[in-house]
Amino acid sequence: MAMQPLSARNLATLEMNHQALLDLCLKLEELSASSSEEIEAATCDRLEADLLPLLRQTQQLEEQALFEQFAAATESTFGTHFTQELKAEHRCDLAAAADALAVLRSIRNNTAAIEPARHLLRGFAESLRRHINSEKLVIEALLSSEAEKRPIFS
1 MAMQPLSARN
11 LATLEMNHQA
21 LLDLCLKLEE
31 LSASSSEEIE
41 AATCDRLEAD
51 LLPLLRQTQQ
61 LEEQALFEQF
71 AAATESTFGT
81 HFTQELKAEH
91 RCDLAAAADA
101 LAVLRSIRNN
111 TAAIEPARHL
121 LRGFAESLRR
131 HINSEKLVIE
141 ALLSSEAEKR
151 PIFS
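Residues 1 to 154 in full-length UniProt numbering are what the sequence shown lists, from first letter to last.
Honestly, the hints are just simulated from the structure, not real lab data. Predicted model only: the values in this text are computed from it and were never measured. Among the hints, erroneous ones may be present.
[To be verified] Cβ-Cβ distance ranges computed for the label pairs, FRET-style:
#1 Glu40 with Glu146: 19 to 25 Å
#2 Lys149 with Ala41: 49 to 55 Å
#3 Arg9 with Asp45: 46 to 52 Å
#4 Leu94 with Ala141: 30 to 36 Å
#5 Glu15 with Glu115: 32 to 38 Å
#6 Asn109 with Ser144: 28 to 34 Å
#7 Ser35 with Glu75: 51 to 57 Å
#8 Ala12 with Ala41: 29 to 35 Å
#9 Glu75 with Ala49: 19 to 25 Å
#10 Glu85 with Pro151: 16 to 22 Å
[What the hints assert, rightly or not] Keeping only pairs whose Cα atoms sit at most 25 Å apart, straight-line, the calculated DSS-like set for lysine-lysine is:
#11 Lys149 with Lys27
#12 Lys87 with Lys136
#13 Lys136 with Lys149
Cβ atoms here follow ideal geometry from the backbone N, Cα and C, with glycine treated the same way.
Work out the full structure: start from the sequences and follow the hints.
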């Protein structure tokens, strides 16, 4: 993957994608709190259709426009190690998203063990929310270092 600049456009796209993912997290939590009778198949279908493409697009932009610049701005091995850890979290998020999609399908098809399904969806949403918040901190640190013309963690 080629490094892209952390441009205003990329920042705006990341912000929109992060908000859309946080909205999906809320919808997953709302679904997990619903009774079986309240759950509509169309809701599961929308969540299933939106989750993986949005997650992949966001992760790709983060890795191309954010992580490499963050690692370069730290002037130490910490940045490289930190971004490698975030990339590993991306792989875990994708695996957990696949599990969430399987659960959504089973809920839609009325074949889910509903309590474990609820726990999985809530856990996935919370994990993704925490990951997004940590990446927002990375953005803030990078923007501050650029504005002050200093390396991160100097």
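Evaluated hints:
1. Glu40 with Glu146: 19 to 25 Å: 46 Å, violated
2. Lys149 with Ala41: 49 to 55 Å: Holds - the Cβ-Cβ distance for Lys149 and Ala41, about 54 Å, lies within 49 to 55 Å.
3. Arg9 with Asp45: 46 to 52 Å: 31 Å, violated
4. Leu94 with Ala141: 30 to 36 Å: 25 Å, violated
5. Glu15 with Glu115: 32 to 38 Å: At 35 Å between Cβs, range holds.
6. Asn109 with Ser144: 28 to 34 Å: Roughly 48 Å apart at Cβ, these two residues miss the hinted range, so it is violated.
7. Ser35 with Glu75: 51 to 57 Å: 54 Å, holds
8. Ala12 with Ala41: 29 to 35 Å: Check passed, 34 Å falls within 29 to 35 Å.
9. Glu75 with Ala49: 19 to 25 Å: At 42 Å between Cβs, range violated.
10. Glu85 with Pro151: 16 to 22 Å: With Cβ atoms ~19 Å apart, the hint holds.
11. Lys149 with Lys27: 40 Å, violated
12. Lys87 with Lys136: 15 Å, holds
13. Lys136 with Lys149: Answer holds: Lys136 to Lys149 is near 20 Å, not above 25 Å.
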